[in-house]
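Modelling step: build the complete structure from the supplied sequences, incorporating the hints.
2 protein chains.
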Amino acid sequence: MIHILIDCFGGDHSPKANVDGALMALDKLPDLYVILTGDEATLQNALKGKAYDAARLEIVHAPEVIGCDERPIDVIRLKKESSMIKAVRLLRDRDDLNAMVSTGSTGALVAAALTRIGRVKGVIRPAFCPILPTMDGGLVGICDSGANVEVTPEHLRQFAIMASLYMEQVYGIATPRVALLNVGKEAEKGDEIRQKAYILLSETPEINFVGNMESRDLLSGRYDVVVCDGFSGNVLVKTTEGTALELLKKLKKDIYSRGIYKLGALLMKRMFAEEKAFMNYQNYGGSVLLGTSKTVVKGHGSSKAVAVEKCIEQAYRMEVSALSSKMEEIIMRYEHYEY
Amino acid sequence: MIHILIDCFGGDHSPKANVDGALMALDKLPDLYVILTGDEATLQNALKGKAYDAARLEIVHAPEVIGCDERPIDVIRLKKESSMIKAVRLLRDRDDLNAMVSTGSTGALVAAALTRIGRVKGVIRPAFCPILPTMDGGLVGICDSGANVEVTPEHLRQFAIMASLYMEQVYGIATPRVALLNVGKEAEKGDEIRQKAYILLSETPEINFVGNMESRDLLSGRYDVVVCDGFSGNVLVKTTEGTALELLKKLKKDIYSRGIYKLGALLMKRMFAEEKAFMNYQNYGGSVLLGTSKTVVKGHGSSKAVAVEKCIEQAYRMEVSALSSKMEEIIMRYEHYEY
Numbered sequence: 001m002i003h004i005l006i007d008c009f010g011g012d013h014s015p016k017a018n019v020d021g022a023l024m025a026l027d028k029l030p031d032l033y034v035i036l037t038g039d040e041a042t043l044q045n046a047l048k049g050k051a052y053d054a055a056r057l058e059i060v061h062a063p064e065v066i067g068c069d070e071r072p073i074d075v076i077r078l079k080k081e082s083s084m085i086k087a088v089r090l091l092r093d094r095d096d097l098n099a100m101v102s103t104g105s106t107g108a109l110v111a112a113a114l115t116r117i118g119r120v121k122g123v124i125r126p127a128f129c130p131i132l133p134t135m136d137g138g139l140v141g142i143c144d145s146g147a148n149v150e151v152t153p154e155h156l157r158q159f160a161i162m163a164s165l166y167m168e169q170v171y172g173i174a175t176p177r178v179a180l181l182n183v184g185k186e187a188e189k190g191d192e193i194r195q196k197a198y199i200l201l202s203e204t205p206e207i208n209f210v211g212n213m214e215s216r217d218l219l220s221g222r223y224d225v226v227v228c229d230g231f232s233g234n235v236l237v238k239t240t241e242g243t244a245l246e247l248l249k250k251l252k253k254d255i256y257s258r259g260i261y262k263l264g265a266l267l268m269k270r271m272f273a274e275e276k277a278f279m280n281y282q283n284y285g286g287s288v289l290l291g292t293s294k295t296v297v298k299g300h301g302s303s304k305a306v307a308v309e310k311c312i313e314q315a316y317r318m319e320v321s322a323l324s325s326k327m328e329e330i331i332m333r334y335e336h337y338e339y
Numbered sequence: 001m002i003h004i005l006i007d008c009f010g011g012d013h014s015p016k017a018n019v020d021g022a023l024m025a026l027d028k029l030p031d032l033y034v035i036l037t038g039d040e041a042t043l044q045n046a047l048k049g050k051a052y053d054a055a056r057l058e059i060v061h062a063p064e065v066i067g068c069d070e071r072p073i074d075v076i077r078l079k080k081e082s083s084m085i086k087a088v089r090l091l092r093d094r095d096d097l098n099a100m101v102s103t104g105s106t107g108a109l110v111a112a113a114l115t116r117i118g119r120v121k122g123v124i125r126p127a128f129c130p131i132l133p134t135m136d137g138g139l140v141g142i143c144d145s146g147a148n149v150e151v152t153p154e155h156l157r158q159f160a161i162m163a164s165l166y167m168e169q170v171y172g173i174a175t176p177r178v179a180l181l182n183v184g185k186e187a188e189k190g191d192e193i194r195q196k197a198y199i200l201l202s203e204t205p206e207i208n209f210v211g212n213m214e215s216r217d218l219l220s221g222r223y224d225v226v227v228c229d230g231f232s233g234n235v236l237v238k239t240t241e242g243t244a245l246e247l248l249k250k251l252k253k254d255i256y257s258r259g260i261y262k263l264g265a266l267l268m269k270r271m272f273a274e275e276k277a278f279m280n281y282q283n284y285g286g287s288v289l290l291g292t293s294k295t296v297v298k299g300h301g302s303s304k305a306v307a308v309e310k311c312i313e314q315a316y317r318m319e320v321s322a323l324s325s326k327m328e329e330i331i332m333r334y335e336h337y338e339y
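Chains as they are written, first to last, in this note's numbering: chain D, 1 to 339; chain S, 1 to 339.
Any given hint could be a false lead.
[As the list claims (entries may be wrong)] Straight-line distance between alpha carbons at most 35 Å, and here's what the computed DSBU-like set of lysine-lysine pairs gives:
no.	chain 1	residue 1	chain 2	residue 2
1	S	Lys249	D	Lys253
2	D	Lys250	S	Lys79
3	D	Lys262	D	Lys252
4	S	Lys16	D	Lys121
5	S	Lys196	D	Lys253
6	D	Lys28	D	Lys304
7	D	Lys50	D	Lys16
8	S	Lys16	S	Lys276
9	S	Lys16	D	Lys252
10	D	Lys276	S	Lys79
11	D	Lys189	S	Lys276
12	D	Lys252	S	Lys196
13	S	Lys249	D	Lys80
14	D	Lys250	S	Lys269
15	S	Lys269	D	Lys252
16	D	Lys28	D	Lys48
17	D	Lys276	D	Lys50
18	D	Lys250	D	Lys276
[As the list claims (entries may be wrong)] Just some of the chain D residues that point at chain S, by a computed CB distance under 10 Å:
no.	residue
19	His13
20	Leu181
21	Val183
22	Glu186
23	Ile199
24	Val210
25	Glu214
26	Asn234
27	Val237
28	Glu246
29	Leu248
30	Leu267
[Said to hold, decoys possible] Beta-carbon label-pair distances, calculated as ranges:
no.	chain 1	residue 1	chain 2	residue 2	range
31	D	Asp95	S	Thr175	56 to 64 Å
32	D	Asp27	S	Arg270	46 to 54 Å
33	D	Gln195	S	Glu274	41 to 49 Å
34	S	Gly211	D	Gln195	43 to 51 Å
35	D	Asp12	S	Gly211	41 to 49 Å
36	D	Asn45	S	Thr175	46 to 54 Å
37	S	Lys249	D	Val65	43 to 51 Å
38	S	Asn280	D	Ala51	53 to 61 Å
39	S	Tyr52	D	Ser202	36 to 44 Å
40	D	Ser293	S	Lys121	54 to 62 Å
It is worth saying that the hints were derived from the structure and are not from the lab.
All residues carry an ideal CB built from backbone N, CA and C; glycine is no exception.
So, in structure tokens, the structure goes:
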């Protein structure tokens, strides 16, 4: 039985989306057991009248609410009875629990997971790995994307190993093509960290390193994993999402500016709906924290039930594929490099 | 008279676009004098039959050709008789020359300019500043975007001062809103460099610092200048361009997949042409190097005559507005911070 904690608050559609997503996952995965955290009465209410296997569902009462503008550090210290921090603490303390899923604040979740949950043996720094859809219908994982604003070449190698295993085990991509984010293709581009990382990655036969990637090629479909420091990874992911959203918004505004455009758009209605779904990043599952001893999946704040269900499946597949022990096995081969 | 060198080779449409752009600028700006560099016979040929004021145009023969894959360092050392390096050397050596425009390799141009042309007094590091269109019809300058992969907080302040003056003097934006690229809005976000830069920028009354910007807000129209290290600035600009281009490509492909979509798109033909022009970054002029003692403008490699003309106007306006001396004046107030 795989035990997964679901933080039921903090998302735009919480707790309904989180509860419904959990029930969908229970229905789909017969050996899944879910623990919902949050205000018990509210959760009982959300479950009322729904059909589900009660023997595989448990509620843990967590009455505190996290405000929008609270700093991660304050959340961890002061909101121990919030649905998120309660879930993190249970994950840390109970050996029978495998993973957690949250749609709450990324900053608080990453900080809480990094400080409260242990690391896979050999892992220097866990890293955050969102995925984006590529233009050929594939996916690309970006690691790190916010957990570590400063990195060393050895961190980057570990990110490459972890993300490569993740894309392979969870998304079924055989020998993922791993690239290093840089300002040019040539090996000598970038700062010293990038130059050294290029060499380290080339000397790591466990990954399929294909060289430097320039950011304009992120969505080209030529890469399965992009390795970067958390600062530029954050810029890479947020700029992609921001540009796509702003362009769609502009398109919509322009369509409404003239009758003939509205008519044209009517004929293309299905296509535009498909483009919108394509660019809706919650359709691709959540972002995972790689390298923590237990699995943590962060769903988009705007996640609806289907997206929450996808995050639960993601966590489930990470556990079933024993990702952590595979990571440990490879990372420990390079342990002599540590520090 | 403003004397501007035009490197006539190295672009996708060179030398025709460069020569025609120069003639358009001559026509528009009565006190402009242009010096074209490149193979003399080819340039004479490109000028044949054209009407222009021959008293304000000069050709300097530069027969060597720069290959696509040549490393910047080799270009500077070995291709002294190429149209680009010849122009850089003339700019350095001749006091009567004010500026240069090139559509050749960015890497070679930036490296040549940084090593061969002096800096404005007080400037620690010149920075590269491309501009992007925002969704409300405005523009945003991104500084630095590739000249310096590593920076200090003091560099970032200088970038802010230089880019702010540039947007004000060349694009007529009153008190440009300056933001610091970061992974979150709060002052304490990012690494030590960002945290210190936040404080320095807040303490610089000559600029209108409005706080941190997350990369997803780049095109929102809420900022006129974004200050960043050259690595993440490069990621920011290239990701925006890459995402926009990939999305347009996908849209086009999807339109051609069904007859009804093609029909719809036909009704929206003018709108799509406008979107395409909006996202065509060569319509917004070139990227300038800020902080060099003489003006260097880099046009897109794909520049046609109109885009080259825009770059020449940009260089012209920078000279006419005496940007360098205004920069020097403000930067020297903070000179005691240097190193």
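Now the hints, each set against the structure:
no., hint, result
1, S:Lys249 <-> D:Lys253, "20 Å, holds"
2, D:Lys250 <-> S:Lys79, "45 Å, violated"
3, D:Lys262 <-> D:Lys252, "9 Å, holds"
4, S:Lys16 <-> D:Lys121, "61 Å, violated"
5, S:Lys196 <-> D:Lys253, "40 Å, violated"
6, D:Lys28 <-> D:Lys304, "17 Å, holds"
7, D:Lys50 <-> D:Lys16, "12 Å, holds"
8, S:Lys16 <-> S:Lys276, "23 Å, holds"
9, S:Lys16 <-> D:Lys252, "38 Å, violated"
10, D:Lys276 <-> S:Lys79, "49 Å, violated"
11, D:Lys189 <-> S:Lys276, "32 Å, holds"
12, D:Lys252 <-> S:Lys196, "40 Å, violated"
13, S:Lys249 <-> D:Lys80, "48 Å, violated"
14, D:Lys250 <-> S:Lys269, "16 Å, holds"
15, S:Lys269 <-> D:Lys252, "15 Å, holds"
16, D:Lys28 <-> D:Lys48, "20 Å, holds"
17, D:Lys276 <-> D:Lys50, "31 Å, holds"
18, D:Lys250 <-> D:Lys276, "13 Å, holds"
19, His13, "21 Å, violated"
20, Leu181, "7 Å, holds"
21, Val183, "5 Å, holds"
22, Glu186, "7 Å, holds"
23, Ile199, "17 Å, violated"
24, Val210, "17 Å, violated"
25, Glu214, "6 Å, holds"
26, Asn234, "5 Å, holds"
27, Val237, "8 Å, holds"
28, Glu246, "5 Å, holds"
29, Leu248, "8 Å, holds"
30, Leu267, "3 Å, holds"
31, D:Asp95 <-> S:Thr175: 56 to 64 Å, "59 Å, holds"
32, D:Asp27 <-> S:Arg270: 46 to 54 Å, "49 Å, holds"
33, D:Gln195 <-> S:Glu274: 41 to 49 Å, "43 Å, holds"
34, S:Gly211 <-> D:Gln195: 43 to 51 Å, "33 Å, violated"
35, D:Asp12 <-> S:Gly211: 41 to 49 Å, "25 Å, violated"
36, D:Asn45 <-> S:Thr175: 46 to 54 Å, "53 Å, holds"
37, S:Lys249 <-> D:Val65: 43 to 51 Å, "44 Å, holds"
38, S:Asn280 <-> D:Ala51: 53 to 61 Å, "55 Å, holds"
39, S:Tyr52 <-> D:Ser202: 36 to 44 Å, "53 Å, violated"
40, D:Ser293 <-> S:Lys121: 54 to 62 Å, "56 Å, holds"
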